[in-house]
Amino acid sequence: GDSVTQMEGPVTLSEEAFLTINCTYTATGYPSLFWYVQYPGEGLQLLLKATKADDKGSNKGFEATYRKETTSFHLEKGSVQVSDSAVYFCALGLTGANSKLTFGKGITLSVRP
Amino acid sequence: GAGVSQSPSNKVTEKGKDVELRCDPISGHTALYWYRQSLGQGLEFLIYFQGNSAPDKSGLPSDRFSAERTGGSVSTLTIQRTQQEDSAVYLCASSFLPGEQGYTFGSGTRLTVV
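So the sequences go chain by chain: A and B.
Just so we're aligned, residue 1 is where the first sequence starts under the working numbering, counting upward by one.
Just so we're aligned, residue 1001 is where the second sequence starts under the working numbering, counting upward by one.
Extracted from the complex, chain A is given alone in its bound form (with noise of 0.2 Å):
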């Protein structure tokens, strides 16, 4: 079945620092593939997505690239600020009408001042 692999966590990192969270999917057929934040007390937020093979998804300072030959989506940040302490999922979805999210473990980030 299709399924999500994020590194373990939790994650702690000085202000500034660059940050790599790596993301591994297995998919039957061709995925959209997504990064969601959850901030605390809040709800999940899509953070980036990538709809095809190469595509590079990028928001707030955050990029990630799909990538086919490794299925993999790490999600990049080259300075990161304690704002983006926070708990970061990655997830696949296919299309069809029959399709859902299906979602990795999350790994909890924080950054210290």
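Be aware that one or more of the hints could be misleading.
Said to hold, decoys possible - Below are the DSBU-like pairs computed for lysine-lysine, each with C-alpha atoms no more than 35 Å apart in a straight line:
| # | chain 1 | residue 1 | chain 2 | residue 2 |
| --- | --- | --- | --- | --- |
| 1 | B | Lys1057 | A | Lys105 |
| 2 | B | Lys1015 | A | Lys105 |
| 3 | A | Lys105 | B | Lys1017 |
Unchecked claim - Cβ-Cβ distance ranges computed for the label pairs, FRET-style:
| # | chain 1 | residue 1 | chain 2 | residue 2 | range |
| --- | --- | --- | --- | --- | --- |
| 4 | B | Gly1071 | A | Lys60 | 35 to 45 Å |
| 5 | B | Asp1063 | A | Gly78 | 45 to 55 Å |
| 6 | B | Gly1016 | A | Thr70 | 43 to 53 Å |
| 7 | A | Gly41 | B | Gln1041 | 12 to 22 Å |
| 8 | B | Lys1017 | A | Gly78 | 46 to 56 Å |
| 9 | B | Ser1066 | A | Thr71 | 28 to 38 Å |
| 10 | B | Ser1038 | A | Ser14 | 29 to 39 Å |
Claimed, not checked - A short, non-exhaustive set of chain B residues, derived as facing chain A with CB atoms under 7 Å:
| # | residue |
| --- | --- |
| 11 | Gly1042 |
| 12 | Leu1043 |
| 13 | Phe1045 |
| 14 | Pro1061 |
| 15 | Phe1065 |
| 16 | Phe1105 |
| 17 | Gly1106 |
| 18 | Ser1107 |
| 19 | Gly1108 |
If you're looking for bench data, these hints aren't it; they were derived computationally from the structure.
Ideal Cβ placement from N, Cα and C applies to all residues, glycine included.
Using the hints, position chain B against chain A.
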């Protein structure tokens, strides 16, 4: 409405009681999803509605769980005879088109079974 609205935001119930959780999706969104978020377990898919029908209810963990959607809008998730392992945050999401465009989530209902 402007966003996905869920109620109540918090619910504490005694073991064995029934609970109803409500989701009001974004107006015009035909697809509606329920997920469960347990501590350390990520998001677990429960059920998907397209309009009023549920083409995928494969994630409902037992026959104590049921959901319905009326008028292509509001959905209710019902848990009968609640157990402590049902304690979690129940999230609802909606989208205009299923799958490829991602969802808009509500803030969730935190259910605690004591």
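(request) Check each numbered hint against the structure and report the violated ones by number, ascending. (result) When the structure is compared with the hints, numbers 14, 15 turn out to be violated.
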